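So the sequences go chain by chain: Z and L.
Positions in the first sequence are counted from 1; adding 44 to them yields the working numbering.
Positions in the second sequence are counted from 1; adding 286 to them yields the working numbering.
Simulated from the structure, these hints should not be mistaken for lab results.
Since we're looking at a predicted model, the values are computed, not measured.
Careful: at least some of the hints might be erroneous.
[Stated by the list, open to error] Restraint ranges, calculated between C-beta atoms of paired labels, are given here:
| # | chain 1 | residue 1 | chain 2 | residue 2 | range |
| --- | --- | --- | --- | --- | --- |
| 1 | L | Tyr923 | Z | Ala331 | 38 to 46 Å |
| 2 | Z | Thr358 | L | Glu499 | 53 to 61 Å |
| 3 | Z | Ile83 | L | Lys413 | 47 to 55 Å |
| 4 | L | Lys356 | Z | Lys450 | 51 to 59 Å |
| 5 | L | Val354 | Z | Thr277 | 42 to 50 Å |
| 6 | Z | Glu103 | L | Asp515 | 32 to 40 Å |
| 7 | L | Lys586 | Z | Ile365 | 56 to 64 Å |
| 8 | Z | Glu103 | L | Lys413 | 50 to 58 Å |
| 9 | Z | Glu103 | L | Ala304 | 55 to 63 Å |
| 10 | Z | Ala252 | L | Thr417 | 30 to 38 Å |
| 11 | Z | Ala252 | L | Tyr923 | 17 to 25 Å |
| 12 | L | Gln875 | Z | Thr277 | 47 to 55 Å |
| 13 | Z | Arg67 | L | Thr417 | 51 to 59 Å |
[What the hints assert, rightly or not] Once the Cα atoms are required to be at most 30 Å apart in a straight line, the calculated DSS-like pairs of lysine-lysine come out as:
| # | chain 1 | residue 1 | chain 2 | residue 2 |
| --- | --- | --- | --- | --- |
| 14 | L | Lys965 | Z | Lys291 |
| 15 | Z | Lys450 | L | Lys952 |
| 16 | L | Lys390 | Z | Lys429 |
| 17 | Z | Lys383 | L | Lys952 |
| 18 | L | Lys952 | Z | Lys382 |
| 19 | L | Lys586 | Z | Lys450 |
| 20 | L | Lys413 | Z | Lys450 |
| 21 | L | Lys441 | L | Lys965 |
| 22 | L | Lys455 | L | Lys952 |
| 23 | L | Lys586 | Z | Lys296 |
| 24 | L | Lys441 | L | Lys455 |
| 25 | L | Lys586 | L | Lys597 |
| 26 | Z | Lys450 | L | Lys965 |
| 27 | Z | Lys291 | L | Lys357 |
| 28 | L | Lys455 | Z | Lys450 |
| 29 | Z | Lys104 | L | Lys586 |
In this text, a Cβ means the ideal position worked out from N, Cα and C, and glycines have one as well.
So the chains spell out like this:
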Amino acid sequence: MAQTAASANEPVWKELVESGDERQTRGRPDWTDVVFFVILAVGAGFAMNRYGHSMDAYEKWILIGTVPAMVWLGWLWRPLRTLMVASGLTALFSIWLYQGSLERADQVFLLKFLLSSQSAILWMCMLFVLATVCYWIGFVSKTAAWLGTALSWGAVYAGVTGLLVRWREGHLMGPDLGHIPVSNLYEVFVLFALITTLFYLYYERRYATRALGGFVMLVVTSTVVFLLWYSFTREAYEIQPLVPALKSWWMKLHVPANFIGYGTFSLAAMVGFAYLVKENSQTKSLAKLLPLFVLGVLLAVEPMVFRTEGLSATWMIYFGIGIILVGAILAFRAPIAKKLPSLEVLDDIMYRAIAIGFAFFTVATILGALWAADAWGAYWQWDPKETWALIVWLNYAAWLHLRLMKGLRGTVAAYWALIGLLITGFAFLGVNMFLSGLHSYGAL
Amino acid sequence: MTQTDLPPSRIPQRKLTAASLMELLGSMRFAVCLLVIICIASIIGTVLPQNMPENTYIDQFGPFWFDVLKKFSVWSIYNSAWFLVIMAFLVISTTLCLIRNTPKMLRDMVSFREHVRGSSLRAFHHKVELTTERGLASCQEAIQKWIRSQGYQFKAVQQNNGVLIAAKKGSSNRIGYIAAHVAIVVVCIGGLLDSELPVRLQVWLFDKKPIFENMLIADVPPSGRLSPDNPSFRANLLIPEGSSRSNAVVTLGEGALVQPLPFVITLDKFLIEYYSTGMPSRFASEVTVQDPETGEKFQKVIEVNEPLHFKGITVYQSSFDDGGSMVDLSILPLQGKVNKPLEVSKRVGESVEVRVSENDKLRLEVTGLRPINVEDLGNSEPQPKDLKEHVAAVTGSAAGKKNDNLRNIGPSVEYRLIDPSGQAVRYHNYMLPVDIDGARVFLAGVDADNVGQFRYLRIPADQNDSLQEFLELRAALAVPQFRELAASRFAEKNTSNPQDREALQVSAARALDTFAEGGLQALSRFLEQNVPAEELPRAADVVVRLLGSTMTELRQIAREQAQLPEIDLHQPQSVQWTQMAVAALSDLQLYPAPVLVTMKSFDHVQASVFQVTKTPGKLIVYLGCLLLTVGVFAMFYVRDRRIWVWLRRDDNEQLTQVLAAMTSQKRTLDFNREFERFKQAMHRLDDKEK
């Protein structure tokens with residue numbers, strides 16, 4: 045099916061730009077990369093010199109390794125470098141504004157409303173929601189779609205800055221309290237939103253289409269809703285000191301790798317959803333649309349399912365909006381489908397996202413096992429989180445197997461990717477909620 | 287299928303069955319089925335808490351389903367025989383798949399497939415066909431140059447009337463497939479070596495018998511001891527401060543086996559450090575390790591994330607426990623007419639018989655000592671806020687508001703009281719009084735319904751910060767004469783009219799008696815029965831004041847009896863004390879024990895719990911992980927491509943015919959794009975001539 049659709053849309057891939065930015069191909073690193081490298085190296089050297097005493101050998105190696113890794117990422121995709129520079133400078137400015145005293149967060153205007161970690165993260169939340177809205181308006185207006193991209197970048201910039209400042213705020217709270225902000229559910233939710241958006245923005249450039257933004261940003265928006273609910277009702281935004289088991293340099297590797305996996309899997313699922321919308325754009329048969337509707341609603345309510353006590357009004361409204369949105373997308377499937385890229389492109393994005401997610405998820409799980417061997421005395425002990433990670437891994441392994449070996453494409457692959465997100469969502473959230481285990485620091 | 291149909295072909299049939307069995311075992315269908323079963327089993331394992339005592343499961347499922355489920359050992363699913371068999375099949379299946387495909391893949395990797403028939407290239411989906419006036423040799427040179435520049439390796443062969451150039455790139459992609467699949471086998475085998483299986487095999491082969499009852503390690507017979515050379519085990523080791531151990535305990539189902547260690551480990555000190563928030567920040571054990579063979583001795587700090595590696599064995603900080611702390615307890619009676627405490631000294635974990643009355647005995651078991659308790663004594667109910675405040679609250683720094691209500695409220699003791707029928711109730715009492723709402727109170731916790739949560743009785747502390755006055759008051763309340771006396775003193779003070787006095791005394795005595803019998807609840811029941819509903823609030827008010835004043839008199843009597851110094855009981859502070867005492871006395875009615883046990887002093891001895899493991903499969907698993915990582919990245923990010931170009935010279939027309947095809951394992955959009963570039967390059971052959 046995909047093949048025939050492809051031949052109808054043959055020239056699509058000609059527009060592709062390999063590097064995903066202005067460059068046609070990546071080519072050799074140029075002088076700007078050298079400058080970037082020097083800046084990062086000087087920064088790392090400064091950190092090593094000034095704070096080296098509170099890092100162990102592994103953390104120092106991670107710091108050293110970060111420099112070439114960031115230069116490489118910046119070379120791979122130029123906008124990322126701009127983001128790193130902008131967020132880094134803003135975070136430094138914010139840290140300078142703090143001048144070592146947390147009270148200044150309430151006194152200095154810029155900190156209070158813009159640059160303290162919580163304010164920045166709230167800006168991120170708002171911009172993400174606006175970006176989603178703009179992307180959807182983008183189906184009728186090019187300007188709105190462009191605005192969606194701009195707002196997404198703004199949100200990512202605010203979020204990265206917020207996390208960096210948060211890192212520093214932890215250290216300002218007490219000499220031994222600070223830690224990298226990837227230690228609890230709140231922090232990783234922010235990370236998840238950022239990674240998902242960045243991957244989306246990469247594919248947006250690479251495949252020159254903004255039509256997927258609305259779909260992918262739905263996941264991010266629902267993350268934002270969850271994040272806000274979590275901050276408002278549970279005061280989850282407060283920095284908590286680490287439990288002894290988490291005090292390890294492994295965290296700096298394990299968690300980000302995992303969230304590259306979760307982020308790309310979500311991206312793939314939403315692209316899968318777009319694929320199915322496009323494929324069913326002409327159908328009138330309810331039997332074909334119903335499963336799509338049900339799956340869409342299920343995904344929308346997934347964060348809500350994980351609430352233990354009764355459902356509040358907020359969540360009922362959220363539920364209602366979820367149903368309306370999924371219904372609306374399906375109702376306007378024909379005009380939406382027209383704007384969506386060809387089925388072949390959607391299929392390709394889905395494959396790429398799952399492949400990269402799978403690779404990183406594999407690495408993350410292995411890193412987790414290595415860490416567990418140090419912390420708990422067993423690299424694998426069938427802890428619920430571990431077991432669910434294995435299930436997620438097997439699920440995508442099977443997807444990739446069938447795709448690479450049996451040439452699975454199209455509808456089944458798309459549905460599978462969508463269901464994959466349900467499984468991933470359970471492994472990410474549900475396990476923390478329903479099953480007790482060693483990963484309990486993520487509990488709600 | 288009937289036997290009679292197929293007699294002549296019996297032998298080939300059997301061969302076919304063996305072959306098809308191999309085929310089935312090595313097939314992806316079979317592997318996927320196994321994986322699905324593993325997934326489902328794993329899900330069951332995560333939903334059903336594993337390795338709990340059997341009674342928990344009997345309670346949960348009832349005896350019938352318990353027996354059924356036990357057959358499938360669903361509570362230790364990951365160590366059950368059937369799960370291991372499925373894993374073994376997975377290993378076999380993957381191995382067969384590897385044996386079958388690896389040689390093919392390797393051959394394919396090295397081969398340029400230069401024997402492809404030129405004409406068959408027309409059947410390819412991605413092909414270019416063109417003719418050019420350029421000479422064959424020139425074409426070949428140009429194409430080879432381009433192919434090389436694109437990073438391909440190639441081979442040119444003469445084929446009947448032309449040349450075939452076969453080129454390939456990224457063949458190591460195949461190594462990725464092989465590595466990833468070998469990794470699965472390697473990880474499974476390594477994991478198996480580190481599982482419970484080796485210990486179970488020893489039990490089975492060497493006739494080891496797990497111990498089920500409590501026993502000193504020295505008394506364990508040889509059949510309950512594993513060999514010191516045991517290649518693989520996971521054991522627990524509890525060491526109290528100042529003690530040495532050289533044996534760990536391997537638990538196997540409900541039983542246990544002793545695992546001798548090749549070294550002696552002494553716990554010098556166990557440390558817990560705290561953050562300013564009261565949360566523990568560090569658990570660490572300072573240990574001395576001695577090797578009995580060489581006599582070598584060294585010190586080491588074992589902490590979470592920093593285990594000790596010695597002689598192939600790894601020792602992890604796993605948790606901590608009480609190491610037999612000594613506690614000095616007072617057992618205070620909560621019933622009867624006298625207040626005579628009983629003093630005992632016990633270690634945590636020990637128990638003692640307590641005679642609570644003529645015929646009743648209880649067993650007191652000391653279960654825990656907590657020297658530090660950081661509690662949030664603030665009002666934990668969140669105050670409703672409007673949206674603006676909500677938003678304002680979450681902006682700014684993420685540092686969180688300082689909680690000033692967090693305080694260390696000192697040591698506490700936990701114990702159980704077990705009645706002769708075996709029913710046990712847990713208690714948790716703080717040693718020192720705590721400031722709550724401006725008064726000093728003792729907190730006595732009880733988990734009456736066995737729900738795992740303590741409800742606290744608040745008993746006001748007297749001027750000496752002790753329980754004495756309250757206990758004297760309680761004892762006095764139990765004596766009818768004292769109640770009588772209190773009622774008459776109250777009546778005397780409040781009226782001079784003898785008639786009224788009598789009536790007042792009667793009411794006061796009745797109120798006091800009712801209260802002594804059933805607390806405030808009994809009083810309110812009494813009122814409900816005897817007073818019309820509309821007068822109830824007023825009557826209740828009167829009775830409460832009546833009770834308060836009478837209790838003040840009773841308190842005076844109790845103080846006299848105990849020869850306590852005289853104080854003014856009508857001071858606000860004393861009045862508050864009396865009110866709280868009344869509430870506490872009333873709550874005592876619901877307190878399930880006839881005694882209250884308080885701690886006078888203690889000598890804290892901690893114990894550290896270690897996990898001791900020998901994991902021969904660890905390195906194998908890590909090797910497997912490395913292979914897996916390499917394999918996965920090679921599979922996805924090394925792109926294999928093959929190109930064939932078939933050149934023929936048509937001498938009659940002075941033309942070279944070019945037929946080229948390109949293929950890849952993965953037909954992604956990238957491939958399409960690369961093919962497009964290739965096509966353009968091919969067409970350029972022609973351009974240059976013109």
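Right, here's what the structure says about each hint:
Distance hint check for Tyr923 of chain L and Ala331 of chain Z: the Cβ-Cβ separation is about 40 Å, which falls inside the suggested range of 38 to 46 Å. As the Cβ distance of Thr358 of chain Z to Glu499 of chain L is approximately 56 Å, the hint placing it in 53 to 61 Å holds. A C-beta distance of roughly 49 Å is found between Ile83 of chain Z and Lys413 of chain L, which places it inside the suggested range of 47 to 55 Å. Distance hint for Lys356 of chain L and Lys450 of chain Z: a CB-CB separation of about 40 Å, inconsistent with the stated range 51 to 59 Å.
Between Val354 of chain L and Thr277 of chain Z the beta carbons are some 43 Å apart, a value that agrees with the proposed interval 42 to 50 Å. Distance hint check for Glu103 of chain Z and Asp515 of chain L: the Cβ-Cβ separation is about 38 Å, which falls inside the suggested range of 32 to 40 Å. Take Lys586 of chain L and Ile365 of chain Z: their Cβ atoms lie about 58 Å apart, and the range 56 to 64 Å holds. Glu103 of chain Z and Lys413 of chain L have their C-beta atoms about 55 Å apart, which keeps the hinted 50 to 58 Å range intact.
Between Glu103 of chain Z and Ala304 of chain L the C-beta distance comes to about 57 Å, which sits within the given range of 55 to 63 Å. At roughly 36 Å, the beta carbons of Ala252 of chain Z and Thr417 of chain L sit within the given window of 30 to 38 Å. With their beta carbons about 23 Å apart, Ala252 of chain Z and Tyr923 of chain L fall inside the hinted range of 17 to 25 Å. At roughly 38 Å, the beta-carbon separation of Gln875 of chain L and Thr277 of chain Z lies outside the given 47 to 55 Å, and the hint is violated.
At roughly 36 Å, the beta-carbon separation of Arg67 of chain Z and Thr417 of chain L lies outside the given 51 to 59 Å, and the hint is violated. Pair hint Lys965 of chain L plus Lys291 of chain Z does not hold up; C-alpha atoms about 56 Å apart against a cutoff of 30 Å. Between Lys450 of chain Z and Lys952 of chain L, the direct Cα distance comes to roughly 11 Å. Compliance with the 30 Å bound is thereby established for this hinted pair. With a C-alpha separation of about 38 Å, the suggested pairing of Lys390 of chain L with Lys429 of chain Z is violated against the 30 Å cut-off.
Between Lys383 of chain Z and Lys952 of chain L, the direct Cα distance comes to roughly 27 Å. Compliance with the 30 Å bound is thereby established for this hinted pair. For the hint pairing Lys952 of chain L with Lys382 of chain Z, the CA-to-CA distance comes to about 28 Å; that is within 30 Å, so the pair holds. Using a Cα cut-off of 30 Å, the hinted pair Lys586 of chain L and Lys450 of chain Z is violated, with the two alpha carbons roughly 56 Å apart. Taking the CA atoms of Lys413 of chain L and Lys450 of chain Z, the gap is near 23 Å; set against the 30 Å cutoff, the hint holds.
Proposed proximity of Lys441 of chain L and Lys965 of chain L is supported: the alpha carbons are some 20 Å apart, at most 30 Å. For a cut-off of 30 Å, the pair hint linking Lys455 of chain L to Lys952 of chain L stands: about 13 Å separates their Cα positions. Under the criterion of a C-alpha separation no larger than 30 Å, the hint pairing Lys586 of chain L with Lys296 of chain Z is consistent with the structure, at around 26 Å. Between the alpha carbons of Lys441 of chain L and Lys455 of chain L the distance comes to roughly 12 Å, so the proposed pair stays at or under 30 Å and holds.
Note on Lys586 of chain L and Lys597 of chain L: the hinted pairing holds, with a Cα-Cα distance of about 14 Å set against a maximum of 30 Å. For the proposed pair Lys450 of chain Z and Lys965 of chain L, the alpha carbon gap of about 27 Å is at most 30 Å, so the pair holds. About 41 Å separates the Cα atoms of Lys291 of chain Z and Lys357 of chain L, which puts this hinted pair outside 30 Å; it is violated. The suggested pairing of Lys455 of chain L with Lys450 of chain Z holds, with an alpha-carbon distance near 22 Å, which does not exceed 30 Å.
Of the pairs offered as hints, the one joining Lys104 of chain Z and Lys586 of chain L holds, with about 23 Å between alpha carbons and a cut-off of 30 Å not exceeded.
Against the hints set out earlier in the document, violations occur for numbers 4, 12, 13, 14, 16, 19, 27.
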